[in-house]
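Chain order of the listed sequences is A, G and X. Just so we're aligned, residue 1 is where the first sequence starts under our numbering, counting upward by one. Just so we're aligned, residue 313 is where the second sequence starts under our numbering, counting upward by one. Just so we're aligned, residue 564 is where the third sequence starts under our numbering, counting upward by one.
One or more hints might be untrue.
[Said to hold, decoys possible] A short list of chain A residues far from chain X (calculated; beta carbon distances all over 12 angstroms):
| hint | residue |
| --- | --- |
| 1 | A54 |
| 2 | M62 |
| 3 | T171 |
| 4 | S172 |
| 5 | F190 |
| 6 | A218 |
| 7 | G229 |
[Claimed, not checked] What follows is a list of derived Cβ distance ranges for each label pair:
| hint | chain 1 | residue 1 | chain 2 | residue 2 | range |
| --- | --- | --- | --- | --- | --- |
| 8 | X | D731 | A | L187 | 50 to 56 angstroms |
| 9 | G | S437 | X | H573 | 34 to 40 angstroms |
| 10 | G | H464 | X | V627 | 50 to 56 angstroms |
| 11 | X | V756 | G | K562 | 51 to 57 angstroms |
| 12 | A | Q205 | X | V589 | 47 to 53 angstroms |
| 13 | X | K803 | G | C327 | 29 to 35 angstroms |
[Said to hold, decoys possible] To give an idea of the interface, some chain G residues facing chain X are shown, with a C-beta separation under 7 angstroms as derived from the structure:
| hint | residue |
| --- | --- |
| 14 | C327 |
| 15 | Y341 |
| 16 | H433 |
| 17 | H463 |
| 18 | V467 |
| 19 | E469 |
Since the hints were derived computationally from the structure, they do not count as laboratory data. All residues carry an ideal CB built from backbone N, CA and C; glycine is no exception.
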Amino acid sequence: MLYSPIPMHIPDGFLSLIVSILCWGVTAGVVGLAISKTNKSLGEKQIPLMGVMAAFIFAAQMINFPVAGGTSGHLLGGALAAIVLGPWAGMLVMTAVIVVQALLFQDGGLLVMGANILNMGLATAAVGYGLYRSTFNQSRTVKLAAAGFAAWLSVMTGALLTALQLWLSGTSDLQIVIPAMLGVHALIGFGEALITVSALAFILQTRPDLLGEGSESARGSRIWVGVGGFIALAVVLFSPLASSDPDGLNRVAMDLGFIDTAQSGAGPLAGYTVPFLASASASKIAAGVIGVLVVGVIVILIGRGIKAGPQS
Amino acid sequence: MPVTHITNQFPQHDCGGDVLAVNDLHFSYPDGHVALNGVSLKLCEGDKVALVGPNGAGKSTLMLHLNGILGGRGEVEVAGMRLMRDNLPAIRAMVGLVFQNPDDQLFSPTVFEDVAFGPLHMGLSEAEVRSRVDAALEAVRMTTYRDRLSHHLSVGEKKRIAIATVLSMKPSLLVLDEPSAGLDPRARRTLINLLRELPITMLVSTHDMKMVQDLFPRTVVMDEGRVVADGPTADILKNEELLTAHGLEKP
Amino acid sequence: MHFDAFDRYHERESFLHHLDPRVKVVIAILFIVSNALLPDGAWDAFLFAWAFVLIANVVSKLGVGYTFKRSIIALPFALVAITVLFSIPGKPVFSLQFLMWNFTVTDMGLLRFVSILIRSWLSVQMAILLVSVTRFPDLIHALEHLRVPAVLTTIIAFLYRYLFVLTDEVFRLLRAREARSAAAAGSRSGGGVAWRARVAGNMAGQLFLRSYERSDRIYNAMVARGYVGHLYTLNPHEMKSSDYYVSALAVALIFITQMLGRF
C-alpha cells in the first residue's frame, strides 16, 4: 500500500448539505484570515516554503511505523506544521494537503472538504500551536512534552469535530460515534505524538535556529495560547458531556433544525450505556481531565526517554 | 584592506569584459565562512568558459553573485551595467542562471509554465511569452515536451528544460552549475552537443574534466575563494602540478 | 517509484478530456450537491444519477465500469453510519444478538443507511471521473478561475510538483530503514514501539530539513528568473461554445434528477 489514508477524511454523502455548507463557511473565513495574515507578516520567500512544506507533510504522512497486530502509526501533521511554520502558514499548508488528497485521491469528498479542512487542518493547527506556544521560554524537555501532548490533543480535537458533524448530519448516533471516534483516535493520536516529538527533537538538534527566537514558529501571537487552551478545554469538557447527555444535545440539535425527530435516537438503542461511560457527567468530566493529565505525564516521560536515549 | 594578489602562471585573460566583469569580489556567509576572497573575472561576447575547482572552492557562491541573489563586497558588471538594487530585474534578465538540481529549477507543474515563468515575470505580453517559450524549447530540441508534466521527465530531459527556462529570457550570459552531473553517457553527450551549438556566452561550473576538454576553449580554476588560474584549457590541462594542487584530474 | 501510482489522470482523446476544466469542476460539484439534496430512498433519482455517471464514463472513453471499479474507496467509512440501522424508529426487519445487546434493524434505518451509501458512492464516482479526465495542472487553473485565492492555488501547485520528488525521498528512507532492520535469528528486530516511532520521527525530521533547504534553493531559482514576490500566470483556458452547451445539458440533467427525487 503506497498511500495509507488517515481514518478521518469524510467522503461525500456522509454529511448533510447544511452541515457541509456551515463548515465551508467557517473554513473559508479562517483560511481567508490565514491568507491575509501570511501576506502581511511573511516575506516573498514564504510561497515556495509553504509549497514545499505542504509536499513535506504529504510525504511525511507516508512514513509509518509498525505498532502492533499489523496496524501502523503515522502522521497527520497539523500540529507539526503549525509548530514549525507558525499557525497561519501551518493552516494554509494543511489546507493545501487536504485539497490535494480530496482532488487527487478522493481521500475525503469535495462538498465535505470544508469540514475536512476544518477538522484536520485548522483545528489541529490551532490546538497544536497554542499548546506548544505556551512553553516558548521553557526547557527543551518541556517544549517537546508540550508538543507531544499538543499533537495528541490535536488528533482528538479533529476526531471530536468529525463525530459531531456526523451526528448533526443524522449519519451517526451521538452516544456511539463520540466514544468510538475518540477511542480509536486516542491511539492514533499517540502515534502522532511520538512522531511529532521525535521529528521536533531531530530538528532542535540539527537546526535549532528554525525553532528558536525570531523563527516563524516563535512569531505567532500569544493569543494562540488562549485559543489552543480554550479548544483543548472544550474538547476535554465536551466529550464526556456529549456521551453522558446525548438526549440533551439531541434536543439542541433538533431545536436548531439539524436533525428531525425521526433520527433522534429514540430507538432500541436509546437506553443502552457503554459500560465505563455510565456515571454522572460531573465524574466523567473529572475522569476526562485525569485522563488527559495522565497522557500528558506519559508524553513527558517518553519525551525524556527520547532525549536520554542513544542518538543514532 | 590589503589586496591579495593571486599567483597566476597565466596572464589574466585579456578582454574588455563586455559581457561580465567581476572585480575583487569578497563574500562571507553569516556563519563566518569566507567563500569568496577577492575574485576577479572577465567574460567577453562568445566566450565559453569552464569554471573548475574542488567542492567548497566558491564556484556556486560566485554564480549566485552574478545575478544578485547574493551580494558581497566588490563589483559585478553585466554588459557594462554595475549590479545594484534598482537594476536587479534588468540584470536577472541578462544573466540566465541554471541550478545544479533540475528539480529545484523546475518548480512548476508543467514544462510550459516553467519556461514561461521568466518571460512572464519580465512583464512581457502574452503573445511574446508564448513565442519565447516556443523558441526556447526549439533551442533545446524539446518542442514536443511543451505540455508535459515536469515530474514525468527523465533527468536528462529535465536538464535541457532547465536550460530552456532561462533561454526564454534571452540572456546575454548563460551560467550553468554542474550541467552534466548525474547524467548517463548518452544524455551527457546530448547535453554537450547542445551546449556547443548554443550561440551564447556561457560560464559553466563543472567537475567533468572530459567535458571541459571537449567543449571549452578557456578554463578558470578556483580554490579557497579565489581564481588561481585562468587561461586556455589546453595549457591548464597540461599543467599537472596545478591540477594536483587543486584536487583536479586530467581527463 | 512510478508516478502513475499517484496520478489518476488517464490520457485519452475524448470530448470530456478536452472540455474546459472549469466546466468539469462546476458540474462535478453541482452533481455532488444534488446527491446531498436527494431525500432518502429516492431510488429513481439515484438510478438516473448513476446513468449520468455511466454515460459520462462512456463519453470519456474510459469504459463503462471505469469509475465503478475505483469507487470502493469510501466503503470503509460506511462503518460510522452503521448505527442508523438500529437507532431510527421503524418496523423491525431483523434482530441480532451481540453479547448483552440486542440490535434490531428497522426498515427506516435500513433505508437511511442504504441511501447514505448510495449518495456517497455516486459522489465518489463523479470525483474520480473528474480527475481521470482532467490533468491536475488544469484543475489548478480551474480553481484559479473560480476565485480560489492565488496563495492557495500556488501552494497547491508546488505541492503537486514536489509531492513526487519528496515521496521518492520517503521511499528511499523507508528502503534504507528496511535494509538495516536486521534481526538475529529468533529475536525481533529493533526496539519497542517508542523506539520505532523515534526512527520514524527522525525520518520525518530529516525530510523536513531537506525540504526546508530545498525550498531555499527553489526560492533562489525563482528569484533568478525575476520573481519579486508576485506570481504571474497565463490564462490558458477559454470557454468554447461546446463548453456552454455541455454545462447547460448537465445542469438540466441534474435538475431532472432533483425532480425525480422529489415527485
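Consistency of the hints with the structure:
no.	hint	in the structure
1	A54	violated, 4 angstroms
2	M62	violated, 5 angstroms
3	T171	violated, 5 angstroms
4	S172	violated, 5 angstroms
5	F190	violated, 9 angstroms
6	A218	holds, 16 angstroms
7	G229	holds, 25 angstroms
8	X:D731 <-> A:L187: 50 to 56 angstroms	violated, 30 angstroms
9	G:S437 <-> X:H573: 34 to 40 angstroms	holds, 35 angstroms
10	G:H464 <-> X:V627: 50 to 56 angstroms	violated, 28 angstroms
11	X:V756 <-> G:K562: 51 to 57 angstroms	holds, 56 angstroms
12	A:Q205 <-> X:V589: 47 to 53 angstroms	holds, 49 angstroms
13	X:K803 <-> G:C327: 29 to 35 angstroms	violated, 55 angstroms
14	C327	violated, 25 angstroms
15	Y341	violated, 13 angstroms
16	H433	holds, 3 angstroms
17	H463	holds, 4 angstroms
18	V467	violated, 12 angstroms
19	E469	violated, 14 angstroms
Comparing the model with each numbered hint stated earlier shows that hints 1, 2, 3, 4, 5, 8, 10, 13, 14, 15, 18, 19 do not hold.
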